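Using the sequences plus the hints, can you model the full thing?
Chains A and B, in that order, are what the protein sequence lines are. Just so you know, our numbering puts 498 at position 174 of the first sequence, and the rest follows in order with no gaps. Just so you know, our numbering puts 355 at position 339 of the second sequence, and the rest follows in order with no gaps.
Among the hints, erroneous ones may be present.
[Stated by the list, open to error] For lysine-lysine, the following DSS-like pairs were computed, each having C-alpha atoms within a straight-line distance of at most 27 Å:
| no. | chain 1 | residue 1 | chain 2 | residue 2 |
| --- | --- | --- | --- | --- |
| 1 | B | Lys-425 | A | Lys-458 |
| 2 | B | Lys-315 | B | Lys-89 |
| 3 | A | Lys-604 | B | Lys-191 |
| 4 | A | Lys-466 | B | Lys-418 |
| 5 | B | Lys-107 | B | Lys-164 |
| 6 | B | Lys-107 | A | Lys-458 |
| 7 | B | Lys-271 | A | Lys-466 |
| 8 | B | Lys-324 | A | Lys-458 |
| 9 | B | Lys-114 | B | Lys-343 |
| 10 | A | Lys-604 | B | Lys-216 |
| 11 | A | Lys-466 | B | Lys-232 |
| 12 | A | Lys-604 | B | Lys-192 |
| 13 | A | Lys-471 | B | Lys-232 |
| 14 | A | Lys-422 | A | Lys-506 |
| 15 | B | Lys-361 | B | Lys-51 |
| 16 | B | Lys-425 | A | Lys-466 |
| 17 | A | Lys-471 | B | Lys-271 |
Calculated from the structure, these hints are not laboratory results. Values in this document were obtained by computation on a predicted structure and should not be read as measured data.
Residues per chain are reported as follows:
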Amino acid sequence: MSSFAIFTQIIFNGLMLGIQYSLIAVGFSLFFGVLDVINFAHGDIFMLGAYASLVLINLFGVLSASGSSYIFFLIMILLLSAIIVGTLGVSFERIVVKPVSKGPPLMSLVATLGLGIAIREAVRLFYPRGSETKRFPEILSKLLGNKSLEFGGVILRYDNLLIIGIGMVIILLLAFFINRTKMGVTIRAVAQDGEAAEMMGVNKNLIVDVTFFLGSALAAIAGLMNGIYYNSIIFGMGGMAGVIGFSAAVMGGLGNVYGAIIGGFLFAMTESLSAAFIPKGSEFMDVVAFGVVILFLVFRPHGILGEKTYERV
Amino acid sequence: MSKNRKLGILILVLVMLVSAATVFNYGCKPKEAEKITVKIGFIGPLTGNNAKMGLGGLNSFTLAVNQQNKSGKNKYNYEIVSFDDEGVPQKGVEVATKACSDPDIVACASHYNSMVAITTVDVFHKFGVSSTVWGAVLPDITYGNDYKEICRVNGTQVEQNEYNAHLMVDELGFKKFCIIHDTTDYGRGHLKYFTEALKKRGIEPMSIDGVSIEQKDFTTILTKIKALGPEVVYFGGLTQSGVLIKSQFDKLGVKAQFLGTSGIKSDDFNSTLAEHAEGTICMLDGAPIEKMPGGPEFKKAYEEAGFKESYEAYGPFAYCAANIIIKAVEKVGPDRAKLIEEINKTDTTDIIGTIHFNEYGQNDIPLVTAYISQDGQWIPWDDSLYKKGERVLPGFAYREGKEWINPYKAP
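Written out as structure tokens, the structure is:
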């Protein structure tokens, strides 16, 4: 393999990770935007998405389907897992997050951390043999075969290309929703100034619900993608994913959806490139990636696209 | 009838009833109930990522204790107190301290994870409680200290990796190796001993990459490895990371033999990876269960006991650890200090064959068996279709520049 081929492969791998990180990071930014809380249970919502998809795959007997019904089932799994986890996200928001959102930030921090642990342990205890790694079926390989695009030693698997494609479409739909729909404008208005938006007749409770539904549904889709990509899931997978998603949102600018997307890709590329090009990089890639997050916090705390805020005394 | 007389009759009746009950009880009560109950501890990962290994160990340990209690030959009755170390060092120290703080627990059988076992050796030493390791393979657990409290039934990474290198280099003729290891003490131990075994044969690894046990994505490392074109990719780590690495290894089209250690010898590796597990080689201490002197009986008794979980790779060692502790208690009584001395003198035979603890408390009769994943099962290398030449090893096909056709058939 030439150096260019290695570089291309690493960039492609980074893109695969970046899509997943971005979809998680968007949730952090949305929640922070409308409710000023950092939802540390969001990583575990992502894990719920992966498990919900696995349950649906088994429930529908998807693997025994074929042809157009197989494609129909795949779309149904994507939509249903997003709807189920989105609804759960709204429930958690109403029961745990919103009641503490007006209190000191420490309260919401502890409450959401606790919620995350409760979700994780519930899966471990109540999912059949929940403490074991679960095999996630290669549902896209069945559709596309184990084929790939190969050039100069670079392997771009069709299923991975499809995951990137779906991720990109979702990001574009999200951008359309945020920019071009009335609901999107309202979310932006609440994020900019919640009180002013309420005075203009915006139902803030509804907007918060919609935002949590949207953020949780996107995390569920990221969970499904993660399952398809790695072919295995485990109850503890949300812990690190949550920390990375939050870090990506901070890098991009907490509260800014596009910043979160950029942050997700930036974090993934930092990981991939440091593992590849720094000596013993695989041992230190997390140190490098989180080191970059610290640099952002010190030198550009508002992130790449976040706005500077000043508090007048 | 005077009041005193009534009272006298009542007392007499009560005395007679109590006497009758005592006599009846003496005649009917089984003999075991008179025995003193001795508590022995079992520590392993009963929850978390390695729960399956821990539960397999606990079940096997329970089987041995139940058999001993039912035999009727022992002076004492034995009760297990189990502790969950979750495969996490801090938790291991916590439960080891808890076990040692209970004066009724006379000795323990401890740990599957090396990084947990290495952190608790000082705890057992400080409290003066014998700990017979049943699953952890890091050599320093026994060889890295002079604590009499620590003994080990199973082998270590030294023998495993020596055998690993012997099979791959001397027997199968591979010469180009890339190494991935997890960055825990366990993974670094495998790296050290496998590299030493390779160097003895004049081979330098083409690359060495350390990975965190939290890491999920290995595509960058595997891309670099793919570019180097090794014949064998060795992984020194546990099943959870091993599953992810092997899956991504296949997806990236790395054309090499995948080689593991005892850390991936679990049913989970095969069930989670399915066809992607096919052709993977790993090592395990001891003989295959069918070839152990008492293996078939153990397997039959385990199945009859109706445990939900499999006994897994280290169950037979946990079974032997229970027998070693019980044998020592029978000889010197439930005395912690005397038990340390007695367990150290172990020279016995059990289902795994001869067990002899050397001056470090290490069973020095090492036996290592190579396994290959064949149709979703770990089959001893010597019995496999690959050894017999009926299937082609992935590493052989790639070495000859051919494509390897996966012959996996779902079990």
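Against the structure, the hints:
For the hint pairing Lys-425/B with Lys-458/A, the CA-to-CA distance comes to about 20 Å; that is within 27 Å, so the pair holds. Straight-line distance between C-alpha atoms of Lys-315/B and Lys-89/B comes to about 23 Å, which keeps the hinted pair within the 27 Å bound. Proposed proximity of Lys-604/A and Lys-191/B is supported: the alpha carbons are some 23 Å apart, at most 27 Å. For the suggested pair Lys-466/A and Lys-418/B, the alpha carbons sit about 25 Å apart, so the restraint of at most 27 Å is met.
A distance of roughly 23 Å separates the Cα atoms of Lys-107/B and Lys-164/B; the hinted pair therefore holds under the 27 Å criterion. The suggested pairing of Lys-107/B with Lys-458/A holds, with an alpha-carbon distance near 24 Å, which does not exceed 27 Å. Between Lys-271/B and Lys-466/A the CA atoms are separated by roughly 22 Å; this keeps the pair inside 27 Å, and the hint holds. A threshold of 27 Å between alpha carbons decides the hint, and for Lys-324/B with Lys-458/A the separation of about 18 Å falls inside it, so the pair holds.
Restraint check: the Cα-Cα separation between Lys-114/B and Lys-343/B comes to about 24 Å, which is no more than 27 Å; the hinted pair holds. With a C-alpha separation of about 24 Å, the suggested pair Lys-604/A and Lys-216/B falls inside the 27 Å cut-off, and the hint holds. Among the hinted pairs, Lys-466/A with Lys-232/B is consistent with the structure: their alpha-carbon atoms are about 23 Å apart, no more than 27 Å. Restraint check: the Cα-Cα separation between Lys-604/A and Lys-192/B comes to about 20 Å, which is no more than 27 Å; the hinted pair holds.
Restraint check for Lys-471/A and Lys-232/B: satisfied, since their Cα atoms lie roughly 23 Å apart, inside the 27 Å limit. Distance hint between Lys-422/A and Lys-506/A is fulfilled; the C-alpha atoms sit about 23 Å from each other, no more than 27 Å. This hinted pair checks out: Lys-361/B and Lys-51/B have alpha carbons roughly 26 Å apart, not beyond 27 Å. Using a Cα cut-off of 27 Å, the hinted pair Lys-425/B and Lys-466/A holds, with the two alpha carbons roughly 17 Å apart.
For the given pair, Lys-471/A sits about 16 Å from Lys-271/B by alpha-carbon distance, which is consistent with the 27 Å threshold.
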